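Undergrad: Line by line, the protein sequences are chains S and R. Residue 1 is where the first sequence starts when you use the working numbering, and the numbers rise one by one after that. Residue 1 is where the second sequence starts when you use the working numbering, and the numbers rise one by one after that.
Be aware that one or more of the hints could be misleading.
Simulated restraints, written as ranges between beta carbons of each label pair [as the list claims (entries may be wrong)]:
# : chain 1 : residue 1 : chain 2 : residue 2 : range
1 : R       : V159      : S       : G246      : 29 to 39 Å
2 : R       : V104      : S       : N94       : 42 to 52 Å
3 : S       : L306      : R       : H282      : 40 to 50 Å
4 : S       : R150      : R       : E238      : 45 to 55 Å
No wet-lab data here; the hints were simulated from the structure. All of these numbers come straight from a predicted model, not from anything done at the bench. Using N, Cα and C, we set each Cβ at its ideal position, and we do this for glycine too.
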Amino acid sequence: MKSVAGPEGRLKRALAVVPVDIYAIVLLGAIFWAACDPGTFLTSGNFMNIMEQCTILAVISIASLLPIITKGVDLSLGSIMSFAGVVAAYLVRNQEWGMAPACLAAVAAGAGVGMINGFIISRNNVAPFIITLGTMNIAKSLAMVVSNSRTISANTPSFRWLGGETVGGVPYSVALMLAVYLVFDALMRKRRLGGYIYAIGGNETAARLSGIDVRLVKFLTYTFGGVLAAVAGVMLASRLGSANPGYGDGFEFYGIASAVVGGASMAGGTGSVWRMFAGSFIISALRNGLNMAGLPVSLQMIVLGLIIVGIVTLDTMGGRGEK
Amino acid sequence: MNRAFLDRFSRILALVLIVVLLAATKPNFLGVRNLLNILNQASLNVIVAVGMTFTMLIAGIDLSVGSILALTSVMAARFFQTGGVSDMIAGFAVALGLGTFLGVLNGAAIVHLRVPAFLVTFGMMQAARGFAYLFNSGVIYNNFDGKFLFLGKGDVLGVPTPVAIAALVLGLFGLILAKTTMGRRVYMVGANYSSARYSGISIGRTTIFAYALSGLLAALAGLVYISRLNAAEAIIGEHFNLMAIAAAAIGGVSFNGGSGSVFGTVLGALILTIIMNGMNLHGIPTQYQNLATGAAIILAVLLDRRAMRAEV
Numbered sequence: 001m002k003s004v005a006g007p008e009g010r011l012k013r014a015l016a017v018v019p020v021d022i023y024a025i026v027l028l029g030a031i032f033w034a035a036c037d038p039g040t041f042l043t044s045g046n047f048m049n050i051m052e053q054c055t056i057l058a059v060i061s062i063a064s065l066l067p068i069i070t071k072g073v074d075l076s077l078g079s080i081m082s083f084a085g086v087v088a089a090y091l092v093r094n095q096e097w098g099m100a101p102a103c104l105a106a107v108a109a110g111a112g113v114g115m116i117n118g119f120i121i122s123r124n125n126v127a128p129f130i131i132t133l134g135t136m137n138i139a140k141s142l143a144m145v146v147s148n149s150r151t152i153s154a155n156t157p158s159f160r161w162l163g164g165e166t167v168g169g170v171p172y173s174v175a176l177m178l179a180v181y182l183v184f185d186a187l188m189r190k191r192r193l194g195g196y197i198y199a200i201g202g203n204e205t206a207a208r209l210s211g212i213d214v215r216l217v218k219f220l221t222y223t224f225g226g227v228l229a230a231v232a233g234v235m236l237a238s239r240l241g242s243a244n245p246g247y248g249d250g251f252e253f254y255g256i257a258s259a260v261v262g263g264a265s266m267a268g269g270t271g272s273v274w275r276m277f278a279g280s281f282i283i284s285a286l287r288n289g290l291n292m293a294g295l296p297v298s299l300q301m302i303v304l305g306l307i308i309v310g311i312v313t314l315d316t317m318g319g320r321g322e323k
Numbered sequence: 001m002n003r004a005f006l007d008r009f010s011r012i013l014a015l016v017l018i019v020v021l022l023a024a025t026k027p028n029f030l031g032v033r034n035l036l037n038i039l040n041q042a043s044l045n046v047i048v049a050v051g052m053t054f055t056m057l058i059a060g061i062d063l064s065v066g067s068i069l070a071l072t073s074v075m076a077a078r079f080f081q082t083g084g085v086s087d088m089i090a091g092f093a094v095a096l097g098l099g100t101f102l103g104v105l106n107g108a109a110i111v112h113l114r115v116p117a118f119l120v121t122f123g124m125m126q127a128a129r130g131f132a133y134l135f136n137s138g139v140i141y142n143n144f145d146g147k148f149l150f151l152g153k154g155d156v157l158g159v160p161t162p163v164a165i166a167a168l169v170l171g172l173f174g175l176i177l178a179k180t181t182m183g184r185r186v187y188m189v190g191a192n193y194s195s196a197r198y199s200g201i202s203i204g205r206t207t208i209f210a211y212a213l214s215g216l217l218a219a220l221a222g223l224v225y226i227s228r229l230n231a232a233e234a235i236i237g238e239h240f241n242l243m244a245i246a247a248a249a250i251g252g253v254s255f256n257g258g259s260g261s262v263f264g265t266v267l268g269a270l271i272l273t274i275i276m277n278g279m280n281l282h283g284i285p286t287q288y289q290n291l292a293t294g295a296a297i298i299l300a301v302l303l304d305r306r307a308m309r310a311e312v
């Protein structure tokens, strides 16, 4: 991050002294929001509702977080979601595949796009957001080709298992999300690969000099992103009982939002899986609250845009971003 | 062969190759009507991409141009239905003023908040689109006055007005970039940020200038666009971000800032439009156009990196 000396120096010092976690501020904000409208916001039915909305966002957020930790970003996630959803719905509806092979094919499709991202970004010193902007359009285009730019309706019980059914009282989607989180929490904290991902974000040159295969780790990061985005895309299509090349639009944005709200720095090297879960829960609660307050989707986007820019600003000024 | 030579002529070579290929496979490609059609289609992208070139030269990017285009044109659209001169002026002032203002906001946020350009403009992309929907949800403005339709559908001495406007924009901003102090500053900030700062260039002013220009030109393109469509609504212009970035990238403007020119960008816009035109002539479904654009961006960036490495 390029540093600019200027009037923000005083604010920066003030922020550095006060031991406030941005993440705590946002949590307080959400609680404040809930307190303003306790009648509907804090009911258990609405809680489950937020939880279910949160599952898809929480999965896509991990896909956002991994590249962000390595100082990158993945803008293609929303399109990969659409692509994977469309592939699953197309195979089930038009080719009469079973749900399991269709899901596998969708995940493979997402992994494919992720691997293209990973391959190009890990082997060239190029800005990840440009490459993923390119693949965002490639994935979107593929989704339009598969679906012929229409909505594919696949409203059968077998297709909708992820959306409605429960296992021991817990919806399948929530169980799947928890499984994803347990796996990635273990990966990031207990496995060597997790340590390598943080190391690359902290100081890529040092990571390379200490013998880490930076190319491989970056490749895996974006591939995991593609796989998780595909899982999220199938979850979304399954919940809605249909798929459309536009369903995933904007999810890359919400993913970045929950990662930064969950304490990840765009400057790389920081961010944890569970704190980011809190981030996605806050974003979901916020969207839910804004919905209940009757704010149109357009205004919700404005609010979320301001929150992202605001938090990244606090982050860089507070000095956490200066690695 | 030195790099500058390769740089300048690789694009022209690519353009010639594509033209020859299309002329050989589709005889109606080289018809006057189709060529004018290509220029007309490329003109809007050229206007937006010239602004994009400025932001990319200072090692930034503007992802919000499509949304700024939509917001400014729907806010101004109602003024063009009456045909009164004062309304017309008001419409232009609203659109161009708002576009410049949003660009200044982008630039100021990038400079003063130190948030990466792609995030700021990504936020602006969402916010401006949000405002466009907020104020004009479900409204379609059409039946514009004949005088306003001249902007998108008329012609000046046989040249379609959009092409004439694009040529003017190109000439003016090409000149600013090549011949003025501000143009030199734009290149210096992108080429070497620290040395530009230590040699006394105001990074803030240069950055805000580039993004303001990008907003202004997006708004201008929006006016030409709604005049051509004879309709304005909040949803328009979503593909302009990508097309403008692709034009600049294919035209050899580096994402690392400091190298490239608006003339390269125009070549890029022409190559892109001709590829789309060729896909249409060959009956390739429009769904594949995004794929071609996305692939072209990635390819252009990778070739740019290779060229850099070869030089070092």
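Undergrad: Against this structure, judge whether each hint is valid.
TA: Tested hints:
A hinted range of 29 to 39 Å for the beta carbons of V159 of chain R and G246 of chain S is consistent with their spacing of about 37 Å. The beta-carbon spacing between V104 of chain R and N94 of chain S, approximately 50 Å, falls within the hinted interval of 42 to 52 Å. In this structure the hint that L306 of chain S and H282 of chain R lie 40 to 50 Å apart at CB holds, the actual value being about 45 Å. Checked against the hint of 45 to 55 Å, the pair R150 of chain S and E238 of chain R fails, with Cβ atoms roughly 18 Å apart.
When the structure is compared with the earlier hints, a violation turns up for hint 4 alone.
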